[in-house]
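Given the coordinates of chain V, assemble chain G onto it according to the supplied hints.
Residue numbers (our numbering), protein chains in the order written: chain V, 0 to 117; chain G, 2 to 598.
If a hint is listed, it holds; no wrong ones were tucked in.
Lysine to aspartate or glutamate pairs mimicking DMTMM-like chemistry, simulated, CA-CA at most 25 Å apart: (1) V:Lys9 / G:Glu81; (2) G:Lys532 / G:Asp576; (3) G:Lys251 / V:Glu13.
Here chain V is said to cover these stretches of chain G; the calculated rule only asks that three of the stretch's residues, wherever they fall, bring their Cβ under 8 Å from a Cβ of chain V: (4) 119-132; (5) 147-160; (6) 204-211; (7) 263-277.
Some chain G residues flagged as far from chain V (calculated, every beta-carbon gap over 10 Å): (8) Thr15; (9) Val90; (10) Gly173; (11) Asn185; (12) Ala240; (13) Arg392; (14) Phe393; (15) Glu479; (16) Lys481; (17) Gly485; (18) Val562; (19) Gly563; (20) Ser568; (21) Lys570.
Just so you know, the hints here were simulated from the structure itself, not pulled from any lab data.
Beta carbons: idealized from backbone N, C-alpha and C, even for Gly.
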Amino acid sequence: MPTPLELIKKKRAEAVSRIIGKGYLSTKRVYVGMATCEIAAGSKDVMEVFQKAVSRGLTDVYLSQKGCAGRCNLEPTVEVIEAGKSPVKYGKVDKDRAQQIIERHLKNGEIIKEWVID
Amino acid sequence: MTATPYRIIVCDGTSCINKGSRKLTAILREQLDKHGLADRTTIGLSGCLGMCDKGPIMVVNPGYTIYGRLTEADIPEIVEEHLVNNRPVARLVIQEDHLYNRFFRVFGDAKFFGKQMRVTLRNCGIIDPENIDDYLSLRGYEALAKAITEMTPDQVVAEIEKSGLRGRGGAGFPTGRKWRLTANEKATPKYVICNADEGDPGAFMDRSAIEGDPHTIVEGMAIGGYAIGAERGVVYIRAEYPLAIKRIEKAIADARAHGLLGKNILGSNFSFDIEIRLGAGAFVCGEETALIHSIEGARGMPRPRPPYPAAVGLFGKPTLINNVETWANVPVVILDGANWFRTVGTETSKGTKVFALAGKVVNTGLIEVPMGTTLREIIYDVGGGIPFGKRFKAVQTGGPSGGCLPEQYLDTPIDYESLTKAGSIMGSGGMIVIDEDSCMVDVARFFLEFTQDESCGKCTPCREGTKRMLEILVRITEGKGKPGDIENLERLGNMIKKSALCGLGQSAPNPVLSTIKNFREEYEEHIRDKKCRAKACKCLVSYEIGDKCIGCGACKRVCPVGAISGSPKTKHTIDQDKCVRCGLCFNTCKFEAIAKV
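Only chain G is shown next, with the shape it has when bound in the complex:
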């Protein structure tokens, strides 16, 4: 093989220097000269790479092969074997080439990433997602190869079980148990499904994960297929994600071309292929049984469980269905090991969680933190706090199925159990920060309006119950609330939770119930005093012109209903009976003379 040029980084931290790294660099240069590689290889020095105990360290790029505990005698071997013959010297490679936290070499110095830990997003924002070579160069498909070569399907399932990985789609069902149940089923053929029907308002974790690193999903699904004995996989993704679809399609095609999907993968007896099914964007199709119906060509409606898809799934066959983020964890568990995976997270929730951080926070973005990180750390350290010096009011987790947590819960460590205990849920990872300018009744109304709209209509509690709840909420925000409304909302909400058919209905009342629990006084103010303290409910605010008014007439000109009167250069007034509370005058006034009360 002809020699390929490389970029070599030698750690130039104090510890490595003490262990003789500079001498190694000199020898490296000599050796490169000797083999005539000097002009095709670059040597760079880096600051401390943080692996002092294993120094001296040398990294060979591309490929990110890390050599450690090097002695002078090792250098000629590395040059000869790795640089000339393109065969990394396994003996000297230290086990630091984890899949997780690769971003440190690109982003490690940025504050935003300080508390983050990247496992599922390990390649996002680092590799070219449309180039399989980029993925392969970072140990892509090695987990699949390892599973096929060194592990029996049973061992793969056991590894996932041991890792403690739980479903990242929201409910947190132990992934290993799901795999075991499906693997134990006798019926064939079996299927593997990736649930990429992400629908929570404000959530974009799955889209970003697929767009940034589609091969991870393909690899994870192939490992799942091997573990449970399936030969076909389906990615169910919504049609609103054209770029994600394009990239995963390309990833599947490239993987096929490399023999990583299709018949006899990597020369083994294992065959597996993936196809894509597009969803039309119904929220309920994220529910697994509804999703399966949709793939089968039926109407996307859930059915009662059990039987679970593990036994009776796609086309009535055993089916392993996991969320995008769950699949992305699989190669890491296989390659870095369940033992490592278990070291991250809390007692009951292992690993990391991706959140789409949105709302009133300085650094909106896609983040990944270890389980057990507190809400405060996410919002203030990663998110950078609330902009414009406003006060934090609540954080909404879990999207329309979750709840709103006020300030006293900020130190809650994030895991499935503690969030549930606090009255919200982990959900798929939407996290919306709410500041003092938002009305909690209005927030609850927004989420309920969404779930009400997305209700498939199959079961009465969800179809009718959420409708009635929404009517009450709308009335309250319009200032027409009545005593007893709060109690009715609670009664209805709890009833729907207990009786709805699927997760959509069972969780739909959560935003309302949690805001009543944590912000009851806001509901009471709306009903009793007809006041909205956040001044967000249009019907409950009025506009008044104060003494700062110079009579310029700007407000008068923009008022669409002619509610403002006054002669030039004198203070104007608003006729409250005519005013439609559109706020145009408030936004137009240059003298801050108009107040919202």
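Chain V extracted, bound-state conformation:
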């Protein structure tokens, strides 16, 4: 009989496998802020833009949501994390900016400096 501690470590390994199975190792991970405050600022629309893009064949992207990172005045926020690069955090993202992040950053690798939160 494994101990609870052994069991939880197994669960952790399984969880990791499942996350990988969902495409965590895609080259770009995109996190959209989805706390109440972010949603109030319009992040649901932003999420939809990304979801649509993924369903229409945007590949190599692992799309996920996240809770509040504390940047209330800059919401909605979107983070793009690429292997081997510093994470890029975009602030005040609306539908239009989301679309541009997809076109310019995710597809063409351009970091859109003027929207980046420092």
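Frame of chain V, contents of chain G only:
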């Protein structure tokens, strides 16, 4: 087990390179080729990971397993065991996989986070709160498993006691003592409650914590249940937080599905489950005895203590009740250890504190700083200072139960004692920055209006006393203040503080008393000169048209009472007797010809 693909990060900082990290990378590539893993594993190089003394460093993701002090001989073992068999090599894992400060790998480079330290918000903004796998992958529920496997309930309580953790709901009662008292009670069944009835105006710490990382609360409560011998827990959360409710409900359901809640958790003898009770949003229900009444189905009113809930709580049974933030600290104390926890903070207040930074500050937001950080650091370094070049006037901490601290207190290090000494309180973590455009009498009136409104009415000092205080304050802001008003406010306030039944009443006069103490001259100006220096009290300002007026007539057209007169292209005038001081003309004038005096 089939091999799962991983993303491996090798530290490529100078120190690690000197210790041979590049050679390790080459060996790693060879080994991946050998096992046919090359196309399913990515290797990334990172800048210095800040663990130079333990280099060379390698991180395996997902899972964030950190290996340190690696030698060339270790690589084949890691590939074989971890990457092929999915069993991290415990011998090589360095103890740097703390729960705290995980955000550094995501946000570490941002200025906003420079002075912050994330313990309770460690996963907020990093994981998908609706996916238990995300939480599990970051050592989720490991603290619970550790407690059940390696610690007796008594040891868990002892660890919490040793940590020096204090209640984050506001009063700062030592959490360990509370746990000990409840654990010592003989009556059964016992209960565990999470107080998520956050009600301070401008505060959103608990909501964000639950929305961002609900499993932490579930895990913390389960550990609390194990420690005191309870099998049932209740999350009391206000109905105004639908998303937080949805997420914690999902977290509880997912935890049950994984055998992390319910009967015989993780195959042990310990059983524990959690249910949710919704509050209708009464401020007084954040008071523990009122909250318990509300769960029982009675009217949410406090009762005198003692007996404390530790002895006579929910349904008359011993009950352990802690705030959301306190619960979120529990897994960290268990996993990273009380000894580590004690290293953060001040002599009397250990750990970190979450604040909802709001008001006249550039970076409004949710922040977490170590105890002992000064107000100045929070407002200017984390918060980025006051916008539009305005002057700082005061900072209000502790919500409607707290006080306003002026500039001379900016270097106060934040802990329970020093804030109390300065005349405010820690409270649950609301922090509102006030600039020169706000009138302190008006601020006091606002907070008192709130507590007056939320008074449950059970005890006279709170019900009647705050009402009378509010009447006086309203009079003062309307320019009808009388000599003696300030003294009356002080007398009433101190009386209410001493005689009210619960924390709501006892602290309700704080905003008034602290503003009188620190900004007495503003009160005096209102009463004696009928002047509001911040020009915020409507009845004490008047509008005048100056020489810049070109007679365009815009103000005349918007004035709802016809108080403005003047022929076109000549300077207009305002009839002060007719003027209702709505400010429409002031906002309409394009030539800055109208002045507030």
